[in-house]
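K.L.:
Starting from the structure of chain U, add chain Y where the hints point.
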Amino acid sequence: MKAQLSEPVGFVLFVVAIIIFMVLSRIFILGNSVYTLSTTIDRNENERLKAASNALFLMKEERTELPLLDLLGRGVADRTDIIVLGPDEPQINISEELEWRLNAMFGKNNWHMKIPFPERIEFSTQIVIVADMSSSLCDDLNDMKKLPLIIEDMNKKGKKVSATLYLLGQSSCFYYNYPEIVCSDFETEHFKCRTLLLRDNQVCKFVGLPGANWDTKEDWGNGIACAAETGPTDGWAENSVRLGIIITDELSGGSECSCSQWQEFVCGAFTCKGCVVDDACKSCDVGIPSNQFQSVENGLRASTGNNMSVFGLLANPCGDITAPGTGFEFICHCEDVLENHLSYIALNTSGSVFALKNSSQVSSTIMDIIIRTEPHPMNEIDIGAPLPSRSRIRSHETLVPVAAGNYTKARLYSW
Amino acid sequence: MRFKGENRRFCSLKGQGILTKPVMIVLFIVATLVLINSVFSAMSESRLRERESMIRTAASNSMLSLQSIDCLGYEGPAKRYTNVLDVSKLDNFNQQYANIEPPCARNFDYGWSATVVERDRLGNDVRRWMFGAPNSSKGQILLQGVTINSPVGLWYSEADVRPGVVEVRFIEGELEKLAGLVDRSCFYQSSNAESIFLSRDARTFGNLLCMDKDCRQLLCPANIDLSKGDYYVVANYRDGRVDIVK
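Residue numbers (my numbering), protein chains in the order written: chain U, 101 to 515; chain Y, 9 to 254.
If we strip away everything but chain U, and leave its shape as in the complex, we get (with noise of 0.2 Å):
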């Protein structure tokens, strides 16, 4: 009976052991045949991947006539892949140009490839501020209180922003019981506050400066000079997006060259008295040369010279303030050539001009001009489809020579 039992047993392991015998003479017979095939498959990708590289970096850019290798080099030295080799030269963009020929070569979607640059590098943006301290600018020097706190949090949320405020003369806000404007009210750890009186300012040294009896707390022209040369606080960092702003409602030696006679206005303070033509601002000499324009000049002479973007933030010189009668009409009288003035400066330096409706626009324009040139740069050069997760990736790695000896790798991978 034991033996009878047995028998279906035995037959189950006798089957166990066919199964075991057939997976291992398999494994043993085909093993090395499937070994040798992938081996030779393999070869044969790699050679594609070598053939690729190699062909793809001895092709020439058509318009420069340049090695992509050489072209490559240049924009990882430069940290970016839009190559600009002069003036009058065209730009180049190196990912296009790789892409289509690797899509040529290998069909799309069946490729891709990375070129880091050889470190990474945190950009910040750094900014300088300069705004004059006339009573017609209290409302709006009030709205800009708000500017510090809102880069503390942007500078929390992981945004590398600081700014330096250059206040220009001294503070008249009393008059139209405002606070008065003094720079512990916008201290913080990112946002600086320095007062800015040019006539003693010792640092900054321009060319062609106006003569003595200028007027120094308007001018924003000498004083986004002074600001770019003197930088933040902390000093112009090398990676960093600059910027200046300007806040004025009136030229740079002030918009007052109409008014031959004055009567005081209230404590000291004098308004206009008769000033009731609009003369278009004629009365004001703003031609080239002038001291007005020179202070400009001044101004956008250091900018550039400082790789500075400069953005004019025109405050209404038209509001209730310089209404008819009210002794300032003659600052709304020049709006047209200050807009002129201030797009002058800030369209050669890549930045712009925004004329505001209100004084509560203040902070809100500055935050649309830090976010709209918040850097975002490059760490490497990724093109072509996403790597796929399923498919067999072969890689090849081709030398990049980069400016001063250094070098980096573009890594081809092919599936």
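Derived by calculation from the structure, the hints in this document are not laboratory data. Every value quoted in this text rests on a predicted model; they were computed, and no experiment measured them. By construction, the Cβ of each residue, glycine as well, lies at the ideal position given by its N, Cα and C atoms. The reader is advised that the hints may include incorrect statements.
Cβ-to-Cβ under 10 Å is the rule here; a few derived chain U residues that face chain Y [what the hints assert, rightly or not]:
| hint | residue |
| --- | --- |
| 1 | Glu107 |
| 2 | Pro108 |
| 3 | Phe128 |
| 4 | Leu130 |
| 5 | Asn132 |
| 6 | Arg148 |
| 7 | Lys150 |
| 8 | Asn154 |
| 9 | Phe206 |
| 10 | Leu499 |
P.N.:
For chain Y alone, coordinates are given in the frame of chain U:
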């Protein structure tokens, strides 16, 4: 003392044993046959893979040879490029080797044909060159075929190197094997011998070898007239032609 019930149970177990044994023997035999079949099929599969490895290796070698300066690679006064094909050489190959493989990348065991395609910025094919043996074994006489490709540069001038792809179709077949035997003798001007199995009749017409409707060019004329079957063939080169002896 024996009880009735005990006796019945003994009898039924005995009966089960009688029935089970032949079934078990059959099952054992079937399992053994499955095992033997599995071993033989694995061996046959292994041979197929080995043959595929061999043809792939040959294709890969011919691809490398094609891209070298001995074949299509650009060779200038001061520069030599592999993987960058000279367009003037391609134009020449397109005409000179329209019906036969170029000797610089010839393999006498297999036949092959190549296509080189130039592509523009939009990925469109703008030029095409073809060379090698355009006709090959088909159907019963085709043993196996593989296609491999490789990206290349196409050299028009020092400042103008364009992207392209070279694709090579490698064929192992009876027509290619017989033609390879003749061509090897012709190329090296020597005698060669090989065992050959033919599934169809083979005949030459000058330097054209045909098996039914499938024909390919030979390097030099030969006198082949073989019916289907197994042969040990000797190819003797003499005065610019090859004589075949069975």
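K.L.:
Tell me the hint numbers this structure goes against, listed in increasing order.
P.N.:
When the structure is compared with the hints, only number 10 turns out to be violated.
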